[in-house]
Amino acid sequence: MLKKFEINKNRKYEFVNIDNLVPQEHILRKIDKYIDFSFIDELVKDLYCLDNGRPAIPPVVLFKIIFIGYLFGIRSEKQIIRDIQVNIAYRWFLGYSLEDKIPDASTISQNRRRRFNGTDIFQKVFDNIVIQAMSHGFVDGKILYTDSTHLKANANKNKFVEQKVEKSVKEYVYELDESVNNDRELHGKKLLKKKEHNPELSKVKISTTDPESGYMVRDGKPKGFFYLDHRTVDHKHNIITDVYVTPGNINDVDPYIARLDRQIKRFNFDVKYVGIDAGYNTNIICKKLSEREIQAAVGYRLGPHVKGKYTKNKFQYVKELDVYVCQDLRDMKYKTTTREGYREYVSKSDICINCSHKDKCLTGTNSIRTIRRHVWEDYKDRFSLFTKTDKGKSIYKRRKETIERSFADSKELHGLRYCHLRGLSKVSEQCLLTAAVQNMKKIALILFRLSFFTDFIDLFQIAA
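As numbered in the numbering used here, residues 569 to 1032 make up the sequence shown, in order.
Be careful, since some hints might not be right.
Pairwise CB distance ranges (calculated) [stated by the list, open to error]:
| id | residue 1 | residue 2 | range |
| --- | --- | --- | --- |
| 1 | Y581 | P626 | 38 to 46 Å |
| 2 | R830 | R643 | 26 to 34 Å |
| 3 | L1013 | V584 | 38 to 46 Å |
| 4 | K601 | L666 | 15 to 23 Å |
| 5 | N620 | Q592 | 37 to 45 Å |
| 6 | K965 | N620 | 53 to 61 Å |
| 7 | F583 | K965 | 17 to 25 Å |
| 8 | E753 | R973 | 26 to 34 Å |
| 9 | T675 | E764 | 52 to 60 Å |
| 10 | N819 | R860 | 30 to 38 Å |
| 11 | G788 | K965 | 18 to 26 Å |
Derived from the structure by calculation, the hints contain no laboratory data. All residues carry an ideal CB built from backbone N, CA and C; glycine is no exception.
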């Protein structure tokens, strides 16, 4: 029968065990069981004074508070503390009882601003979690997937000043100069004079709110001030193995090889394959990967072309003869190698004028067609052929299940859709710790499932 329930507003003392109030399937229980946080004390001991000052909050507790914020996508430090005050699972995870006083929100910000500012502590925390994943066999570094995503900077896109800044010289330009002259010598051409590569001045927009962000202009992307989160994941269990943040106006290609080398050195990876999208499918990237004996499954994108006209892929390159063959099966012979690193192959005007394909081949008033081929394009062709194999197709297909899924989880579940703080170092902290808690969560869930199946098998054997 229906019975009227009266709310008892009289408080009374009760003896409770906080451990009994936290559900057994709660994610924090799994993380607490399977992730070892003892390394934190060793990492930060040099940042604390051992014999002076007021007693500090234990570093493990401080970092666990920060982890809670990133794990559950809580945007502000004040909100994290308010949630810890009323959330029993959070208190249990931190080791606080129901009546223990929770630290003030300023404790987090002051530690970030004073103690951790200018250090690599967040990178070390991230690396240690990756090493824990490796110790369980969840990472092998054989196949790596890399991509970047844009994060909206905490800055008004309409508040900026225009300045001229030096555009740094690419590291590979002198290597390219040498390759160009080698190619010209091979073709009997005069060597080009040595050129000094000086930084160029470029006019850019600088945010007055967050000067370290970059104004991003990309096809299909919103314009404004952004940061880029360059991320790499391992193929086995989608564990994130590298995070690197740059301003939004940096090309994805620029930090790629250096970050790949860092992972190989830091984690002793023996990388055999990489999966990258069309944005990384450049001649220099393909050359550097080939030098490291790494095979790549790459995306493809048409280069600059005139709509309705034949693109470069309609012309077949014959390496043995060093010629291109057009749609009319005519040879296009080598003409020269430019300083920018491109060989030029040209057709003959007397043949093109009578060709049945000239309407789709020639543009404007041109009487000949010129095809440009980079001196390092052989590396690119090699990866294109591999991508078309069954192995290459299977590797590239997994991009959407690995790196793209990783970014989606970061944005939907962990608040990485935009930057909470300002400045490159603080945005790097956000990205590194978001990736770290994603890895913690993945490690804990995998080990929990494995332990469940192990227990089930043991019970089955006992019953048998």
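Hints, verified against the model:
Judged by the Cβ atoms, the range 38 to 46 Å given for Y581 and P626 is violated: they are separated by roughly 29 Å. The hint said 26 to 34 Å for the Cβ distance between R830 and R643, and at roughly 30 Å that hint holds. L1013 and V584 have their C-beta atoms about 28 Å apart, which leaves the hinted 38 to 46 Å range violated. Evaluation of the 15 to 23 Å hint for K601 and L666 yields a pass: the beta carbon distance comes to about 22 Å.
For N620 and Q592, the Cβ-Cβ distance of about 43 Å falls inside the hinted range of 37 to 45 Å, so the restraint holds. For the pair K965 and N620, the beta carbons lie near 58 Å from each other, so the given range of 53 to 61 Å is met. The hinted range of 17 to 25 Å is not satisfied by F583 and K965, whose Cβ atoms lie roughly 57 Å apart. Between E753 and R973 the CB atoms are about 49 Å apart, so this pair departs from the stated range of 26 to 34 Å.
A beta carbon spacing of about 53 Å between T675 and E764 agrees with the range 52 to 60 Å that was offered as a hint. Distance hint check for N819 and R860: the Cβ-Cβ separation is about 20 Å, which falls outside the suggested range of 30 to 38 Å. In this structure, G788 and K965 meet the distance hint of 18 to 26 Å, their C-beta atoms being roughly 22 Å apart.
The structure does not agree with the numbered hints 1, 3, 7, 8 and 10 stated previously, though it agrees with the rest.
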